[in-house]
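There are 2 protein chains.
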Amino acid sequence: MSKPITLYSHGTGPNPWKVDLILRELNIPYETEWMDFADLKKEPFESKVSPNGRVPAIHDPNTNITLWESGAIIEYLVATYDKSAALTYTSSPEKYHVSQWLHFQMSGQGPYFGQAAWFWKFHQEQLPSAKERYFEQVKRVFYVLDKALKGKTWLVGDKCTIADLSFVTWDGMAAKMGIEKNYPDYYAWNQRLVARPSVQKMLKDKEAAMAAGH
Amino acid sequence: MSKPITLYSHGTGPNPWKVDLILRELNIPYETEWMDFADLKKEPFESKVSPNGRVPAIHDPNTNITLWESGAIIEYLVATYDKSAALTYTSSPEKYHVSQWLHFQMSGQGPYFGQAAWFWKFHQEQLPSAKERYFEQVKRVFYVLDKALKGKTWLVGDKCTIADLSFVTWDGMAAKMGIEKNYPDYYAWNQRLVARPSVQKMLKDKEAAMAAGH
Chain B
1 MSKPITLYSH GTGPNPWKVD LILRELNIPY ETEWMDFADL KKEPFESKVS
51 PNGRVPAIHD PNTNITLWES GAIIEYLVAT YDKSAALTYT SSPEKYHVSQ
101 WLHFQMSGQG PYFGQAAWFW KFHQEQLPSA KERYFEQVKR VFYVLDKALK
151 GKTWLVGDKC TIADLSFVTW DGMAAKMGIE KNYPDYYAWN QRLVARPSVQ
201 KMLKDKEAAM AAGH
Chain C
1 MSKPITLYSH GTGPNPWKVD LILRELNIPY ETEWMDFADL KKEPFESKVS
51 PNGRVPAIHD PNTNITLWES GAIIEYLVAT YDKSAALTYT SSPEKYHVSQ
101 WLHFQMSGQG PYFGQAAWFW KFHQEQLPSA KERYFEQVKR VFYVLDKALK
151 GKTWLVGDKC TIADLSFVTW DGMAAKMGIE KNYPDYYAWN QRLVARPSVQ
201 KMLKDKEAAM AAGH
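Top line first, the protein sequences correspond to chains B and C.
Residue 187 in full-length UniProt numbering sits at position 187 of the first sequence, with consecutive numbering throughout.
Residue 156 in full-length UniProt numbering sits at position 156 of the second sequence, with consecutive numbering throughout.
It is possible that part of the hints are untrue.
It does not matter which identical chain is meant; a pair holds if it fits inside one copy or across any two.
Said to hold, decoys possible - Within a straight-line C-alpha distance of at most 25 Å, the following computed DSS-like cross-link-like pairs (lysine-lysine) qualify: (1) K41 / K147; (2) K176 / K42; (3) K42 / K159; (4) K121 / K95; (5) K131 / K3; (6) K147 / K95; (7) K181 / K41; (8) K3 / K152; (9) K204 / K152; (10) K204 / K41; (11) K150 / K95; (12) K95 / K181; (13) K42 / K139; (14) K201 / K48.
To be clear, the hints were calculated from the coordinates, so they are not data collected in a lab.
In this text the structure is predicted, and so the values were computed from the model without any measurement.
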C-alpha cells in the first residue's frame with residue numbers, strides 16, 4: 001500500500017479509538033480527520049461517508065472503499081492488511097470465536113456501556129432505576145469476560161487478537177465505576193491490554209485530542 | 001454435511017429467529033433445542049454453550065464448533081455452507097458492506113429496539129423520558145435504512161443478503177409502533193423481505209413456538 005487511510009474520528013467517543021488502535025497495531029499509514037459532532041448527522045457526511053452519521057468511518061484510497069461500523073472496519077483491516085494473521089486466526093474454530101467476541105463487544109459491551117454513560121452523565125433528568133439497570137448490565141459484561149478468561153491469558157487461543165483489543169477503549173469508562181477489581185481475571189486481562197505500547201500511545205493521543213478540543 | 005446443527009433457541013426473542021431464518025434460507029439441516037430463560041444464566045449452559053447466558057447459540061457436530069452471538073453465527077454459516085455465495089458476496093467492497101450492515105444491525109438496531117421494548121413493556125416503572133429516548137432511536141434506525149435504500153432494492157448490490165435478512169425479525173416489534181409507513185423506502189424493503197417464503201415460514205413457526213410456550 002502507498003496512500004494513507006483516512007480515519008474519520010472524534011476525541012471523546014470510544015469507538016473511533018478502537019479502529020485507531022488496530023491501525024497502530026498493524027502499522028498501517030493513516031491520517032485522522034477530526035469531525036465535529038454537529039457535522040456528522042448532516043450533509044455531506046451522511047451521503048458521502050456514513051448514512052448513520054457517526055464515527056468511526058474510513059476511506060481507503062488504495063482499495064477505494066468507504067466503510068463505517070467499527071467492527072466491520074476492523075474486520076476489513078485485518079483481512080486486507082494483516083497478512084501474517086498477527087491479530088487474528090485463519091483456521092476454524094478460532095477465527096469464528098474471534099468473530100463471536102468481536103460481536104459481543106459490538107452488541108453487548110458497547111451499547112450497554114454507552115447507555116450507562118448516557119443515564120449517568122447526559123440524560124436530562126436523574127432516573128435512578130434506569131441508572132441501576134445499566135450499572136447491572138455493565139457488571140454482567142464484566143462477569144461474562146471474567147468467567148471466559150478463567151485460566152486464560154487472551155480470549156481466543158494463545159495470542160492477543162482484535163477480539164481482546166476491541167474491548168479496551170470502553171473499559172476506561174468502566175474503570176471509573178470502581179468495580180473492575182471485583183472481577184480479577186477480567187482485571188488482569190485489562191491490565192495486560194493497557195500495558196501494550198500501542199494502547200499506551202493511543203490513550204495518550206486520545207487525551208491530547210480531547211485537550212485540543214477534537 | 002450429514003448431521004443436523006443444534007440451534008439453542010427461544011420462542012419470543014428476535015435474535016434466535018435471525019439464525020433460524022438463515023438456516024432455512026441455506027437449507028441446512030438443524031434441530032431446535034428450546035431453552036427456558038431460567039436455564040440460560042446458569043450451569044451447564046453457561047460453561048458448555050455460552051458464557052453470556054443467552055440465545056441463540058449453535059453446536060455444529062460436523063465441524064465440532066460451539067458458537068454464540070447471532071452475527072458471528074450467521075457469518076460462520078455463510079462461510080461454511082453458502083458455497084455459491086447465495087446470501088453474501090466474496091468480492092470487495094460488497095463483502096465488507098455486507099459486514100457493515102450486519103454490524104449496524106447488531107450494534108444499532110438490536111440494542112436500541114431492545115431497550116425500547118424494555119422501557120415500553122418490561123421496566124418496573126413508567127419513565128416517559130427513557131421511553132421517548134428509545135422511540136427516537138428506533139426512528140433514527142428507520143431513517144438510516146430508509147436513506148440508504150433510496151433507489152435500491154437491497155442494502156448491498158443487487159441481491160438479498162444476510163445484511164437484509166438480519167433486520168427482519170426485529171422489525172415485527174417496530175411495526176407495532178405504527179411508524180414504518182413514514183419511511184417509504186424502508187417500508188417497501190421490509191415488505192419485500194416479509195414476502196419471502198422463508199420469512200413467512202419462520203414467522204409462522206415463531207408464532208407456533210410462542211403458542212406452545214417455548
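Hints breached by this structure: Numbers 2, 3, 4, 5, 8, 9, 10, 12 and 14 - these are the hints that the structure violates, sorted from lowest upward.
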